[in-house]
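Student: Spelled out, the chains give:
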Amino acid sequence: MTTNTGVTETEVAETRMTETLSRGRAFYHSQVFRRQMILAGLVLALFFSLCVDLALGPARYSLGEVIAALFTPDSVSQQARVIVWEIRMPVALMALVVGASLSVAGAQMQTILSNPLASPFTLGISAGASFGAALGLAFGVAIIPAAIEFVVPINAFVMAMFTAFLIHALSLRRGVTVETIILLGIAMVFIFNSLMALIQFFASQEAVSAVVFWTMGSLTKATWPKFWIALSILALSMPLLARHGWALTAMRLGDAKAESMGVNPRALRLEVLVLVSLLAAISVAFVGTIGFIGLVGPHIARILLGEDQRFFLPGSALCGALILSVGSVISKIIIPGTIVPIGIITSLVGIPFFLFLVLNHKKASW
Amino acid sequence: MVTLQLNRVSARYGRRSILEEITTPCFQGGQMVALLGPNAAGKSTLFRRVLGLLKGEGEVIISGTSAERPVAYMPQDTGARAVLTVYESVLLARMQGRGLKVQPDDLAQVDRALEELSITVLGERDIGDLSGGQRQLVSAAQALVQEPEILMLDEPTSALDLNRQISLLTVLRRLADERQMLILVALHDLGHALRFTDAAMLLESGRLIACGPTAEVITPARLRQVYHVAARIESCSKGQPQLIVEAAI
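Going line by line, the protein sequences match chains A and B.
When we follow the working numbering, the leftmost residue of the first sequence carries the number 6, and every step to the right adds one.
When we follow the working numbering, the leftmost residue of the second sequence carries the number -15, and every step to the right adds one.
If you're looking for bench data, these hints aren't it; they were derived computationally from the structure.
All the pointers check out, no bait thrown in.
Derived coverage of chain B by chain A (criterion: at least 3 residues anywhere in the stretch with Cβ under 8 Å from a Cβ of chain A; other residues may be distant):
| no. | region |
| --- | --- |
| 1 | 49 to 58 |
| 2 | 66 to 80 |
Among chain A residues calculated to face chain B with C-beta under 10 Å, some are:
| no. | residue |
| --- | --- |
| 3 | R28 |
| 4 | G29 |
| 5 | R30 |
| 6 | H34 |
| 7 | Q36 |
| 8 | S119 |
| 9 | R179 |
| 10 | W251 |
| 11 | A252 |
| 12 | S265 |
| 13 | I308 |
| 14 | G311 |
| 15 | Q314 |
| 16 | R315 |
Not everything, but these chain A residues come out facing chain B in the computed CB check (under 7 Å):
| no. | residue |
| --- | --- |
| 17 | A255 |
| 18 | G259 |
| 19 | E264 |
| 20 | E312 |
| 21 | D313 |
Each residue gets a CB set at the ideal place from its N, CA and C atoms; glycine is no exception.
All chains, full assembly: derive it from the sequences and hints.
Tutor: Here it is in structure tokens:
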């Protein structure tokens, strides 16, 4: 049949179809572009925060001096060069790597357990690490014989991994659901907290202070070797996680749906749990307990970028790094002359910001 | 042409037997097969067994295909918790087992799947904001976008209004006829099964009660035995069999 304008109905239908198709695809492309821009914005913000972090301290430098020290070290004084590169750089970079590691760990724990509360903190990994560190700090116990300066981080790492593997082992039992894994994690938190209290009860006053300071989390423990180790683990994990990008995104649709798309949820859950436990354990071992990042970094990334892992994974890393870097800046300026432990700052400053984001976000973010 | 045959296929959860030695004739591309039976008859388990998600005795024989994953499955659980748009969630189903880079052909397949099911307008919506029926259609699109040769759908019409039920089954019928797809669909509406499907498998408590042309499988005696209803089948003015359920027994 032909319409008054001489165009057949089939042609009209085809034109309409092409219009709707191109609209759907155009929306997808604009969404991808918007997310790429957000990621680029996060990278820029991160660089700015890093520069501010490097500029702040007992000796203050302008941003121009910091950028000069970074890109043309010969153009600044030797003192500025040493302070920026040797003293502040490992701490500032450690903030980025630990922030990214904890956030990625939290993001993937939330993904594979399909639970918004999952994080290294809520699964007991941080509590296990704290217990290991406290054993070393209070009684000088070395779980694995090591040089004295490495006893605390190694104890923390071993206990964190032990906790993670205990949870993995229990999760492999028949009938254990993701909810059970979360419950196991919370049980771990309570067990380790009780053990910590027991250690503090028997330990000397001095040791108790050391344990309390450690559990607050502090970037001042950072050194170049620790930074390189943490960076290597992060650099190793990211491509391995990215390789499972589509499968991980599918996991958020539930096991039945993921299976129908050809994903093996149990195998993927195990592999990813091992990887993210490693990320969390290394971070906590080196800088202490910083609980907030692993929970909130991913949620902010989710609000900004959605849950397509192509954007969510790098987004989580960047958000975590940015939160901890900004936290590091605030920890230096909030009380002049004192660096407040970063764990306190991230929670105190970060949580109101997080609540603001969640409560003002129009769409459901979980 | 793709074919599917089950030979003494069994499945169990722990010690509990769910499927007992299911043997079927050889179904082939172009056919639409209804999987019938009351709740807990083993329909979903049979799908999972064909897909290889469950192990067990017997053989699932798929031949006439060179595709790596010839079977796509739409489960009952339409999972809609993630922060994803409809477009992304369908693309996601397409991209499993492929690289991270999305090719123009992948987007074309997403467009096509959404268009087939008349849900292109939902593309920009978040899956969490959809109604149950819309989720079910998105779930069907996720199966369709994988370009399967065998498409299995577990109660795909359970949350749809009458118009959408007929539309979806018409699309499935067309896919079987035009693309020579073998479609297995679990249905509770036996009237739909009589109208749209070529063959049917009737299950009860994990056993295959009957298998063959749909009109031969759905008989008053079997409905009484399996569904516990008194029913009769009459031909309408167009000669098509119509199911009339009189009472639950």
